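Asker: Produce the entire structure from the sequences given, and follow the hints as far as they go.
Protein chains in written order, with our numbering: chain A, 27 to 329; chain B, 27 to 329; chain C, 27 to 329; chain D, 27 to 329.
Note that these hints are calculated values from the structure, not bench results. Just so we're clear, the structure is a prediction, and the values are computed from it rather than from any experiment. Mixed in with the good hints there might be a few duds.
All copies of an identical chain are treated as equivalent in the list; a pair is satisfied when it fits inside any one copy or across any two copies.
Unchecked claim - Derived SDA-like pairs (lysine to any residue); straight-line CA-CA distance at most 20 angstroms:
#, residue 1, residue 2
1, LYS146, ASP131
2, LYS246, SER164
3, LYS175, GLY251
4, LYS246, HIS105
5, LYS146, ASP295
6, LYS246, ALA326
7, LYS175, ASP292
8, LYS146, VAL47
9, LYS246, TYR83
Protein chains: 4
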Amino acid sequence: MIEVRQPGPYRYTYSADHAAVARVPTGRQVRIHCVDCFENRLVDESQRYADVCQYPYLNPQTGPVYVEGAEEDDTLLVHIDDIEITRDWAVTGLVPRFGLLTGTDATAMLTGALPEVVRKVPIRDGRVWFGGLSRPLSPFMGTIGTAPKLEAINALTPSSYGGNMDCPETCAGNTLHLPVRNDGGLFFCGDGHATQGHGEIGGVACEVPVNLVCRFEVIKGQAIGWPRVTNDTHLMVIGSARPLEDATRIAATELVRWVAADYGMDATDALIWITQTLELRVGNVCDPNYSVVAAVPRAALIA
Amino acid sequence: MIEVRQPGPYRYTYSADHAAVARVPTGRQVRIHCVDCFENRLVDESQRYADVCQYPYLNPQTGPVYVEGAEEDDTLLVHIDDIEITRDWAVTGLVPRFGLLTGTDATAMLTGALPEVVRKVPIRDGRVWFGGLSRPLSPFMGTIGTAPKLEAINALTPSSYGGNMDCPETCAGNTLHLPVRNDGGLFFCGDGHATQGHGEIGGVACEVPVNLVCRFEVIKGQAIGWPRVTNDTHLMVIGSARPLEDATRIAATELVRWVAADYGMDATDALIWITQTLELRVGNVCDPNYSVVAAVPRAALIA
Amino acid sequence: MIEVRQPGPYRYTYSADHAAVARVPTGRQVRIHCVDCFENRLVDESQRYADVCQYPYLNPQTGPVYVEGAEEDDTLLVHIDDIEITRDWAVTGLVPRFGLLTGTDATAMLTGALPEVVRKVPIRDGRVWFGGLSRPLSPFMGTIGTAPKLEAINALTPSSYGGNMDCPETCAGNTLHLPVRNDGGLFFCGDGHATQGHGEIGGVACEVPVNLVCRFEVIKGQAIGWPRVTNDTHLMVIGSARPLEDATRIAATELVRWVAADYGMDATDALIWITQTLELRVGNVCDPNYSVVAAVPRAALIA
Amino acid sequence: MIEVRQPGPYRYTYSADHAAVARVPTGRQVRIHCVDCFENRLVDESQRYADVCQYPYLNPQTGPVYVEGAEEDDTLLVHIDDIEITRDWAVTGLVPRFGLLTGTDATAMLTGALPEVVRKVPIRDGRVWFGGLSRPLSPFMGTIGTAPKLEAINALTPSSYGGNMDCPETCAGNTLHLPVRNDGGLFFCGDGHATQGHGEIGGVACEVPVNLVCRFEVIKGQAIGWPRVTNDTHLMVIGSARPLEDATRIAATELVRWVAADYGMDATDALIWITQTLELRVGNVCDPNYSVVAAVPRAALIA
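Answerer: Encoded structure:
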C-alpha cells in the first residue's frame, strides 16, 4: 500500500501547474489521505463558515498524483476499493446563499438568505445520526478528477475532467474513468461525504475527512470526453453543465455513443433502446456546474 | 369493477369543459380503457407519424371521469392496482424534431433532424424485445391527471395537475395524489408505456394501449400544489417545468414542506436532512415541460 | 371608427371557446377598450393584490374580436395606430413571489419574499412620475394575440400566438403579425403599459387602462410560426419559452428563415449576416414563458 | 503613448500566473496591439478552422498588462479612446458545432452540424461588406478583462472578471470598470470585432486584429462584483452565466444595488423604478457563459 499525504498546502484548483505530491505506478493499491471540504477546521457548531474558509480557498484537494505511464489522450481508470471515513462525526448544515433553493451568486436574487447552520452529526453503528433519525453510511468522494489542459479550475466546479461532481457513484466497488489531458494524469481528490442525497440540494452533505483506497490503471490511446463509471451492473456517464438539461444532454449523448461503439449498435438503434432502459439521476444541483448521471444496465445490452 | 370506455372522441386537452364520460364513487375498483399515444393507428412500420396524428390532436386521453365527492381544494388519491397491457406489441422509434438530443420547436436550431423511425417491438414472456435484447415489462401511465382550473392544456404538457409527466412512478402498487381544481376532480389518463427509461430521451417509449385499474379516494380539504406519489417505502413529489432545475426546485420545495408538516420537523432541519436522503430522478426531458421526481425514503423519517 | 367594448365578463384565457364580442371587417379603424391588468380595481395604495385579483382570474382581456375573412393558416396583421391611456395615473409596485429577482412558483425557493408594494404613480406632461424622477410615456399592449387551436391558455403566458409578451414593440406605429389558428383570428388584447423597461424584471410595469386603436389586415394563405413585428426600419420576431436561450433560439431561427425566404439569401448566408446585424432585446423575464425580441434593420438587407 | 505588444506567445488563459508584458501608469494613453481571434492565421477562404487553431489554444490575448497602483479589491477603469482596426478585411463564417442554433459541446445533440464556412469580408468606406450588403464599422473588444484570483480560465469564457463577453458596449467612448483581484490588475484584451450583432448567434463576428487605445484609472478600495460600463448616457452591468436568465439576474441585481447605493434610493424603490427604465440586451449566446447587458439611462435617475 502506497500512502499519499499532502506534504504542503492543499490545492484549491485542478491544474497541471501544481507539483506532483506523489508518483505512483499502476496496479498498486494507494491510500490517499484527504481532509474534509472545510479543511477539518469546522469543529464546533458555534463557528461560522466564513471563519474557517474564504473564497477562493475552498474545498481543499490532495494532489496532484502522477500516475506512471499515463499520457495525454489516454484514459485513467480509478478502481475504488474503499473510502475510509477517518472521523466519528460529520459536518452538515446550510451555507448562506449556497444550494438549490436559495438565491446564489449565479441565480442572483434580491430576496434574503436561509439561516446559516453548522451542525455536527455523529457517526456510529455504521450510520449517520440526525437527532433520532439515521441513515446508513454510503461514503464517496465528492470531488475527484484529473487536471485540465492549460486551465486552473477551482475545486468547486465539476466539468469534463471530473472535479466536484458530488455523485454518490464515485464509491467503493465502482471504477471511475477519467480523461488524461496531461502526462501522468495528475489526479486530485477530496471532499469526502459520509452520505448524501441526490442533488446535494441544501449545498452541504455529511462532510468528513476520508482516505481514498484505490488502484490506478491506464487505457492507452483511448480519449474520452467525460467521466465514466462502471461496475458489474451498469455503464454510466457523468455530465456537468448548466442548465441541468445540458448536463443531461452531455451524459446521454456520451452514453449513446459509447454503447453504439462498444456493443456494435447503430447510433439510431442505440438511442431508441437506451430511451427504454436509461437511469437518469441528478448528481448535484448546487455547484457552479450541475451534474447528471446517465446509467444503462449491462443486462439491457446483452442478448 | 366499473368499466370506463370513451364513448365519443378521445380528448387532446386537460380541461373542465369536456363532459364527463363516467361518474364513479370512491372506493370502487374502476377499469379505464385507453388507446396508445398514437390512438392505436400506427400498426405498420411503413407508416409515418404525420400520417396518423397531427398537432394538436395528439396523445388521446380517456376522460374526464367525475369522482363523486371530490370538490375544489381536495386531494384525489388514485390507488393504482394494475396497468393491463392490451396488445402483444409496442410502438417505439423516433419522431422528427422531438426528444432531448435534437433541435425541437422550443430548442429551435438550424441543424437537420434525426431519422424518423417507426418500430414495432414484440411483447412476450413478460418482456419487451428489441432484436435479441429485452427488458422486463414495467407498465405505467405516461399521462395522468385532473383538469386544470379555467384552462384547457394540451395532453403533451405536464404541469401542476399532472398530465404528461412520463414518470415510471405512476405504476401499479403506487398511489398518485392529484390536486382537485374542479368539482368531481375530472380525471384523465392515457399514454400507456410498457417500459421506458428515465427521461424518455428519444421522445418515444414502448407505447401500448392499456387499462388502468384503480380505486379513487378523496382527502377532503387538503389542497396540494403538485402531484405526489406514495407507496410503502417512499414519499415522492413530481415537479414539471423548464429549465430542468426549476422542475427540481418545485419537487424539492414541495417535498421539504410536506415532510416538515407531516413529520413535525422545522423547515431548516427538513431541508438539511432531505439533502442527505433525497432520491432525484429525471422524469421526462422531451415534453413541453420537463419532469423530476423527488423521493425520500420513509425509513429516513422514522426514528 | 368601430368601438369595441367587452359586453360581459373579461376573459382570462386565450381560447376559441369564448363567444366573439365583435365582428369587424379588415381595413376599418377599430378602438378596443381595455381595463388594466388589475381590472381597474386597484385604486388605493392600501389595497393588496390578493384583495382584487386571484389566480386564475388574472390579466383580464377584451375579446375575442372576430376579423372577417381570416381563416386558419392565414396571418393577421394588426396595424397599431394609437394606444390611448385613459387614466391619469398608473399602478406599479411588487407582487409577492413574482418577478425575476425572487423565488416564484416555478423557480421555487425556500427563501422569503420581497415586500409587497402597491404604488400609484401620476401621469402628466406626457410622463410617468416616480417621486421626482420621470420617464416619457411609451404606451404599448402588454398582452395581445389570437386564440390558440384547441387549447385555452391563461392570459399570463405568452406563446406562439402572442399573449402576455410584455414587449414594448407592440406600440403605435408598429404592425404586429399574428398566426390565425381559428376562423376569424379571434383577437384578444389587454394589459396596457404606460411605460416599462425591458424584461419587466420586478413583475409590474406602469399599469394603465388603454384603448387600442388599430386596423386589421389579413394575409391569405401565409402561416407563420411566431409573432412578428414590422415597421419602417426593422423586421422583428418575438419568441417565448423557458429557459431564456430557447426564447432566443425561437426568435432567431424564425428571423433567419424569414430573411432567407423574403430576401432570397441562402440560409447559411442569412445566418452569417444576421449574426453581424441582429438586435436582441429581452422582452419579459417574469411571465410563465420568457420573451425575446430578435430584430434586424431593413437597411442591412438592402444593397 | 505607450505601445504594448506581446513579446512572446499570446495567452489563451486569463491568469495571474503569466508574467506581465508591460507595466503602465494610470492616466497615460496606451496602445495595445492585438491579433484577431484566429491569431491572424486565417488568410484564405480555403483554410479550415482546425488547420489554424486547436482547443485549448484559442482566442489569443495580449497581456497581462500590470497597471501601477492597482491592488486587490480596487476597481480598474479602462477609458476606451479608440479601437483601431489594422486590416482591410475581416474573417467571418461558421465554426462547426459552435453558436446558438446548432448542437455544441454543452448543448450536446446527436444531430448533424451546420456547414463550416470561412469568409473574408472587405472593409472599406467605413463599412463591412457582405456581397452587396454592408454595415457601418462599430469596432469593439470581444474579449477584455482582468486576471481572476487563483484560477486560469480559458479566453473563451466570460465571467465576473470580464473575458469573452462579446458585448458591443466595450467600444470607444465607453469606460469599462473591472474588478481587481490581483495586484496590478493584470489586464488582458483581444478578439477585435469590426462589427457584430447582439448575441453573436452564429458564433463568429467580423473578426479583425485591432489596437486598443485606452487610459487606465484606479478607484481605490472599491470592490465590484461584475464588469460595469459607463458613458454620458447610461450605467451598465454585464452579467455572464448559463442559463441566460441567470446572466440577466446577475446584471440586474448588480445594477439595482449600484443605483440604490449611488443615488440614495432604497432597494425596493430602485427595483420598481429600474423595472420601468431598464434596457436589457443579449450580449452573447455562443460562449461557455452567456452575457447580458443591463443598462439604465442616467436621465431616469436625475430629477
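Asker: Does each hint hold? Answer for all of them.
Answerer: Now for the hints, and whether the structure bears them out:
no., hint, in the structure
1, LYS146 - ASP131, "neither (26 angstroms within a copy, 33 angstroms between copies)"
2, LYS246 - SER164, "neither (32 angstroms within a copy, 40 angstroms between copies)"
3, LYS175 - GLY251, "within (13 angstroms within a copy, 27 angstroms between copies)"
4, LYS246 - HIS105, "within (16 angstroms within a copy, 51 angstroms between copies)"
5, LYS146 - ASP295, "between (50 angstroms within a copy, 13 angstroms between copies)"
6, LYS246 - ALA326, "neither (28 angstroms within a copy, 44 angstroms between copies)"
7, LYS175 - ASP292, "neither (32 angstroms within a copy, 39 angstroms between copies)"
8, LYS146 - VAL47, "neither (31 angstroms within a copy, 49 angstroms between copies)"
9, LYS246 - TYR83, "neither (35 angstroms within a copy, 24 angstroms between copies)"
In summary, the numbered hints that this structure violates are 1, 2, 6, 7, 8 and 9.
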